[in-house]
Amino acid sequence: MDRNLDPSIVAERMQEPNIFRKDELEVVGQRTPKNKHLPDAFGLRAPPPAPRPWRGGSSSSSSTAPSLVDSLFQRSLDDLIKSLRSQPASAEPVLLSRALAEIRREIRSPDPDTKAVALQKLTYLSSIHGLDASWAAFHALELLPSPSPLHKRLAYLAASLSFHPSTTDVLPLSTHQLRKDLSPSSPPPFSSLALHLLSLSASPDLARHLASDLIPLLSPRASSTITNTKNNNNNSSPLRPKAAAAALRALSLCPDAVPLLFKPLVDCLSSPVPRIVSTAVGAFAELVSTTDPAPYLPLAPEFYRLLTDSRNNWVLIKLLKIFARLAPLEPRLAARLVDPLCDLLRRSSAQSLVFECVRTIFSGFPDHDHALRLAVDKVKEFLANDDDPNLRYLGLRALTMIGPRNSWAVEESRDSVIRSLADPDPDPNIRREALRLIMGMVFDTNVVEISVMLVNYAMKSDPVFANEILDAVLTTCGRNVYELIVDFDWYVSLLGEMVRNPHCAKGEEIERQLVDIGLRVRDARPELVRVARDLLIDPALLGNPLLCRILSAAAWVSGEYVEFSRNRLELVEALLQPRTSLLPPLVRAVYIQAVFKVLAFCFNSYIDQPEASQVSSLGNSTTGLGLTIECNAAAANCLSDDITGMESADGIASLLSSIEKKDPFFTCEYLSHILYLIETAVGPLSENADVEVQERARNVLGLIHMLKEIPVWKTEEEGFKKDKDNRIGKIMNLMRALFSEELGPVSVNAQKRVPVPEGLVLKENLADLAMILTEGDIAPSMSISFSLRSHQHMEIKDEAMPSVQSTSLLAEHRKRHGLYYLSAEKDDTESNDFPHALDPLLPGSHSDATEDLVKLTEQSLIPRKVKPTKPRPIVLKLDEGDGVSTSTSTTVKESKDDLLSGAIHDVLLGNEGKPSSSQKRSSNKSSGRRVKEVSDNSESVSQSKENLDLGDRENRSSRRSKHRSHDKERHRSSQNNEEKEEKSHRNSTRSSHHHERQKHRQRGEAPLNVVPQAPVIQDLLL
Amino acid sequence: MIHFVILISRQGKVRLTKWYSPYSQKERTKVIRELSGMILTRGPKLCNFVEWKGYKVVYRRYASLYFCMCIDADDNELEILEIIHHFVEILDRYFGSVCELDLIFNFHKAYYILDEILIAGELQESSKKTVARLIAAQDSLVETAKEQASSISNMIAQATK
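If you're matching them up, the sequences are chains C and R in order.
Numbering of the first sequence is given in my numbering, commencing with residue 1373 and proceeding in unit increments.
Numbering of the second sequence is given in my numbering, commencing with residue 793 and proceeding in unit increments.
Quick caveat, the hints were computed from the structure, so don't treat them as lab data.
Quick caveat, the model's predicted, so the values are computed rather than measured.
Backbone N, C-alpha and C fix where the C-beta goes; we use that ideal spot for every residue, glycine too.
Take these hints with a grain of salt, some might be off.
Unchecked claim - Selected chain R positions facing chain C (Cβ under 10 angstroms, derived; list incomplete): (1) Y812; (2) Y815; (3) I824.
To be verified - Here are the computed lysine-lysine pairs in the DSS-like style, where the Cα-Cα straight-line distance is at most 25 angstroms: (4) R:K837 / R:K901; (5) R:K818 / R:K845; (6) R:K805 / R:K822; (7) R:K837 / R:K805; (8) R:K837 / R:K848; (9) R:K837 / R:K818; (10) R:K901 / R:K921; (11) R:K845 / C:K1752; (12) C:K1750 / R:K848; (13) C:K2080 / C:K2102; (14) R:K848 / R:K805; (15) C:K1750 / R:K837; (16) C:K1832 / R:K837; (17) R:K920 / R:K901; (18) R:K805 / C:K1752.
As the list claims (entries may be wrong) - Facing chain C, according to a computed beta carbon distance under 7 angstroms, are these residues of chain R, among others: (19) W844; (20) A865; (21) H900; (22) L906; (23) I909; (24) I911; (25) L915; (26) Q916; (27) S918; (28) L926; (29) I927; (30) Q930; (31) S932; (32) L933; (33) V934.
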C-alpha cells in the first residue's frame, strides 16, 4: 500500500460533513436503508411508526419467512429499534424489559427464522444497550449449524459478541461446529465466521482442539484451492490472514499448539501476497510485544528483509515494533538497522511511520548519535506543528521517552515545551506531558527560574492544572530532602506564593514542607517566620478550608521560632484575630499554643533584657577572640539558649542587634498590652466545645493568671531581679524549660532504632490465641488477658462451675491447648487456696509466674517459628519441580508466557526430531549432561552452542513443573548465547568457520523441523 | 493490539461496540460510561488521544459520532487514527455517504464490515476495494438464500391470508 497515510492530509480530504450528511430529513416509514436518514443526532426523533401488527411485505427488513403463528406477530429488529427510538428515554427501561421478555419467548421457538430474529434483537440490545446476553449462548449455539448463511451469520455475530472465553460454559459445545466450518470443504464465508469467533472467544481448550484445523487454512496450497472456487482476481484467499490472526490467538492461549502452528505462521511472512504478510507481521508484533522477545531473534533476518522490501506503512510500523523489542537483546542488530531506519525517517511522508521510527530509535538505539540526532530533529518538527495537537502531543511523549539519558534533546526543544504549557487553547494531555518534561529538566542551577515560572503560570491556569503544577513543583523541590534547593529563603517564599494561588489545594504538602524546613534548615527560619507572618496576618486566607493546614503550619512556625519574629504584638494580634473562629478546632489549638509560646518568650525577654544586651556586647567584643557559645549558654539567657547551636558569636550578635533594633524594649506597657489582648481573646475559648482548644486556652489563661498575681514586674522594673523570691524569674525559667529544647526532624525509621527492652517479646504472634478464641467454649475469660492472674481467676471460676459437661470441655480444651495452661500440680495447689487466688500474688509465686510466663512464651514461640517456615518449603518445592499443584493463579500467566516463548524458541532453533511437547529424555539424565557440558563451556565456541541447545531441551522437559527455575535457566542460556556470539564476533574468521560447521551439523541433526530462516541469523549478525 | 472499538454519539448513545479482549458485560458497561464521560467532554481542538488506565484511547469525531479505539500504551496512535479513518471510508463507500442512522438500523452490517477490517484486534485488510468485494460477496450469498426463503414464505403468507 503506497498511499500516503498521513492522517492530517487524509482528514483534509475527507471532511466530516461529506461522510455524515447532516441535512437530510426523509419520509418516515419507508424502510430501505437509504431512506432512513433521520437526524436523531440533532435532537429530533423519528415520529412513531404506524402500528404494525405483523411485519409487512416491503422486506429489506432483516428477516422474512414467518412460520405461521409464532412468527406472525414477531417484531423484527427494525420494529424494535423504531419503538425504542420513538419513546422518550425515560420509557426505555420498560421497553427494554418488555422486549427482553418477548425475546426470551421467541428464542425458544423451534422455527429457525423466529429464533434468528430473536437472537438478532438480543444481539442488538446487548451490544447497544448493554443488556446481558450470556444466557442466550446456548441458543446462539443452536443456530450455528444452520445451513442458511443468513442464520449462520447472525448466530456467529451473536456468539462473537456474547461468548466470553472463561465464563461461557457452553463454549466447548461449539468445538464440533467450528471444526466443520473451518474445514476446507465448507464455503469460505463460513470459515471466516468461524475464524472470527475463534479469534475472539477461544478458550485454551478450544484453541488446543482446533489448532490442527487451522493448518490447512494457513498453508498457501490449501488456500489456493479455495481461491479457485472463489476465483478472486488476486491469487489469494481471504482466509489466510484471518487464519493467521486466529493462529496468533490460539498460540497465546495454548503454547502446546506452537509446534503445529508456528511454522505455517512463519511461512506466511514469505508469502507474495502483501495482505498475508501484513497480518503475519501483525501477529508477530503482538507475540513479541506480549511475551519474551528472545526466542524470536532467529527470525530477525526475515523481518529485516521485509523491512527493506516492504512499501506498506502498516507493515513497516509493525516491523519497527518488533525490532524495538529485539534490538536491546542483540547489539549488532541495532548496527544493521540504523541505516534503513534513518532512510525511512528521511523519506517517509507518513507521520505515523515517522513517529514509529522516532520511537524505535529512542527506545532501542539510544547509542547511535546520528540516528538520535535525526529523530530529535523530527520531534522538533512535530513540536513546531502548531495546528496539529496530535503531533505536538506525540512529540512531547517522544521527548519524555528520551528524557533522562539525553537531556540535551529536551533542553533543545525547551522553548516549544514551555510554549505547549502556555497554550491558549489548552489540551490537558499536552500540558501534562509538557509539565512532566519540564520537571524532568529541573536541576539545581535552573530550579529557581523554572519553579517561579511554573508557579506564576499556575496563577493563571484552571484549578485542576494549577494544582498539578503545584504538585509537580512541590514534589520535585522536595525530592530527597530538598536536594535541588540551594537558596531556602527563596524556596520558603515560593511556598508562601503558592498559598496565594486561589486554587491551591496542596495544603497538606505545603504544611509538611513548611514545618519540615523549619526543623531541618536552621538558616531558613527567619525567612520562614516572615512568610508565616504574612500568611497569618491575611484575614482572607482564614476562610479557605483548603489552606487551614498551611495556616496551622504557619502558626506553629511563628510560635516555635518566635525569636525571629520582628513584631510580636502584631503576631499575637494575627493569631487571635476574630476570623480564627472559622478554623477547625485542631488548627485553632495550634494557634493558641503559638500564642502561649509567644507570651512566654516575651516575658523571658523582658526579664533577661539587661543580660541580653550584655551578651550582645560581649559577643561583639569577643568576636576576635573566638569565644565560643558555651559562655553565652552559661549566662542562662533565653536568647542564648535558643541560639546555642548557632555557629559563631558573630551570628548571635548580629541577630540580637537586629532584633533589638526592631523591638528594642519589652516595656511594661507592652507586656500588659499583650496580656490584656490575650486574655480577652482567649478567655471565651476556655468554654470552647472542643477539648483541644479548651485545654490550650486554659493553659494560656493559667499562665496569665499566675503572672497577674505577681505585682512586682508591673511596678519595679529594675528591682524585681533583686527580689529574693524572684517568682517571676522562676516561672519564666520553667516556661523556658518547656520550650527551649529544640525539635528536630524524626527519621522514618526512628522507631526501629529504639532498643527493645530486655524480656519484651515484640514479635509474639497472637494468631493462635485468636484461634482459641473462636473455639467458643471458654473463650470470654481467655480474651481478657494472657496474664497469669486471669488464668487463675478462670480456673477458679471453672472449678466453681457445677456443670460436668463444661469441665469435660475444659479438660478437652486443656488437652488441645495445653501450652496455654499452667501445669496440673499448680492448678491443684491453687484450687486449694481458693481465697488466696484473688489476692495479689505472693513474692514466691510471683517468680514462679514469671518463670511460667517465660516458659509459656517460649513454648508459644516454637509453633510460631514453624509457622512462617511452612510456606517456605512450598516455595522450595516449586524450585525443585514438585509443587506444581500449588502454583498460584498469579503465576499462571507468567508460566504461560514462558511456555509460549520457550516452545517458540524450540521450534525456531529446530533441534528436535519431532515437534512434540512430550519429552523422551528423562530430566534427570539431561540435567546431568547439561551440568557436565556447562562445565566445558569455556572450551570451544561450538561446544558452548551445544550446551545451549541441551540446556534448552532440559528446560523444556521440566518447564511445566518448574517454570521459575526455567526462566532463570533460559535467561542464562540466552546470555550464554549472546556471550558466545560476541566472542565469535570478536574472534577471527576461524571462529566463524566453526559456526558454519556447527550450522551444518545442526541441520544434519534435525532435518525434519528446521525452520529455514533459523540458522541465517548468524549471517545477518556476523 | 486494539482492545475494543466503541462508537458513541454526541449524546452518549452507544452505536456499536466490539470487544477484542474479554470483558464481562458489567465491565463493558462501566468502560463505556467512563470513556463517554471522558471523551465527549473534550473540546474540538484537542488532541485525539486520551490516557486511560494504562491504555490509550484514540478517538475521532465524524459529524455526531465518536469512533473510539482502545490500544496498548506502546501502540502507535497515528496508525489507529488511520484505521479509524479507513473504517469510516469503507462504511461511507458501502452505505453511500453514511450517516448515523445507517449504523443504527444496520448495526449488524457495520459489524460485518468491521470484521473484515479488524481481526483479533489487528488490522487485517488495508485495501478498501477488497473489503468492499468481500462484503458484497457475503451479501449476495445471504441475498440468494433469503430469496429462496422468501419465495416460500411469500407463498405461505399468501396462503394464510
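Evaluated hints:
At its closest, the beta carbon of Y812 (chain R) sits 7 angstroms from a beta carbon of chain C; the interface hint therefore holds under the 10 angstroms criterion. Because the smallest distance between the Cβ of Y815 (chain R) and any Cβ of chain C comes to about 8 angstroms, under 10 angstroms, the interface hint for this residue holds. A hinted interface residue such as I824 (chain R) counts as satisfied when its beta carbon comes closer than 10 angstroms to some beta carbon of chain C; here the least separation is about 7 angstroms, so the hint holds. Only pairs whose Cα atoms come within 25 angstroms are accepted, and K837 (chain R) paired with K901 (chain R) is rejected, the gap being roughly 32 angstroms.
Simply put, K818 (chain R) and K845 (chain R) have alpha-carbon atoms about 17 angstroms apart, close enough for the 25 angstroms limit, and the pair holds. Distance check on the hinted pair: K805 (chain R) and K822 (chain R) sit about 14 angstroms apart at the alpha-carbon level, within 25 angstroms; holds. Taking the CA atoms of K837 (chain R) and K805 (chain R), the gap is near 22 angstroms; set against the 25 angstroms cutoff, the hint holds. Using a Cα cut-off of 25 angstroms, the hinted pair K837 (chain R) and K848 (chain R) holds, with the two alpha carbons roughly 18 angstroms apart.
Restraint check: the Cα-Cα separation between K837 (chain R) and K818 (chain R) comes to about 33 angstroms, which exceeds 25 angstroms; the hinted pair is violated. Straight-line distance between C-alpha atoms of K901 (chain R) and K921 (chain R) comes to about 17 angstroms, which keeps the hinted pair within the 25 angstroms bound. Restraint check for K845 (chain R) and K1752 (chain C): not satisfied, since their Cα atoms lie roughly 29 angstroms apart, outside the 25 angstroms limit. Only pairs whose Cα atoms come within 25 angstroms are accepted, and K1750 (chain C) paired with K848 (chain R) is accepted, the gap being roughly 23 angstroms.
Between K2080 (chain C) and K2102 (chain C), the direct Cα distance comes to roughly 14 angstroms. Compliance with the 25 angstroms bound is thereby established for this hinted pair. For the hint linking K848 (chain R) to K805 (chain R), the alpha-carbon distance of about 21 angstroms falls within 25 angstroms, and the restraint holds. The suggested pairing of K1750 (chain C) with K837 (chain R) holds, with an alpha-carbon distance near 23 angstroms, which does not exceed 25 angstroms. Restraint check for K1832 (chain C) and K837 (chain R): the C-alpha separation of about 20 angstroms stays at or below 25 angstroms, so the hint holds.
In summary, the hint linking K920 (chain R) to K901 (chain R) is supported, as the alpha carbons are separated by about 16 angstroms, within the 25 angstroms threshold. A hinted pair counts as satisfied when its Cα atoms are at most 25 angstroms apart, and K805 (chain R) with K1752 (chain C) does not qualify at roughly 39 angstroms. Using the Cβ-Cβ criterion of 7 angstroms, the hint placing W844 (chain R) at the interface with chain C is not satisfied: the shortest such distance is roughly 11 angstroms. Here the hint on A865 (chain R) is broken, as its CB sits about 10 angstroms from the closest CB of chain C, past 7 angstroms.
Because the beta carbon of H900 (chain R) sits about 6 angstroms from the nearest beta carbon in chain C, less than 7 angstroms, this interface hint is met. The beta carbon of L906 (chain R) is not positioned within 7 angstroms of any beta carbon in chain C (closest approach about 10 angstroms), and the interface hint is therefore violated. Annotation: interface hint on I909 (chain R) violated; nearest CB of chain C at approximately 11 angstroms, more than 7 angstroms. Contact between I911 (chain R) and chain C, as hinted, is supported at the beta carbon level, the nearest pair being about 4 angstroms apart and thus within 7 angstroms.
Evaluation of the L915 (chain R) hint against chain C yields a held restraint, the C-beta minimum of about 6 angstroms falling below 7 angstroms. At about 5 angstroms, the closest approach between the beta carbon of Q916 (chain R) and any beta carbon in chain C falls short of 7 angstroms, and the interface hint on this residue holds. The beta carbon of S918 (chain R) comes within 5 angstroms of a beta carbon in chain C, closer than 7 angstroms, and the hint placing it at the interface holds. Among the interface hints, the one on L926 (chain R) holds; its C-beta lies about 6 angstroms from the nearest C-beta in chain C, closer than the 7 angstroms criterion.
Taking 7 angstroms as the C-beta contact cut-off toward chain C, the hint placing I927 (chain R) at the interface is violated, the least distance being around 10 angstroms. The criterion of a C-beta within 7 angstroms of any C-beta in chain C is met by Q930 (chain R), whose closest approach is roughly 5 angstroms, and the hint holds. Checking S932 (chain R) against chain C: minimum C-beta separation of about 10 angstroms lies over 7 angstroms; hint violated. At about 5 angstroms, the closest approach between the beta carbon of L933 (chain R) and any beta carbon in chain C falls short of 7 angstroms, and the interface hint on this residue holds.
Below 7 angstroms, beta-carbon pairs count as interface contacts, and V934 (chain R) has one with chain C at about 5 angstroms; its hint therefore holds.
Consistency note: the structure conflicts with the earlier hints numbered 4, 9, 11, 18, 19, 20, 22, 23, 29, 31.
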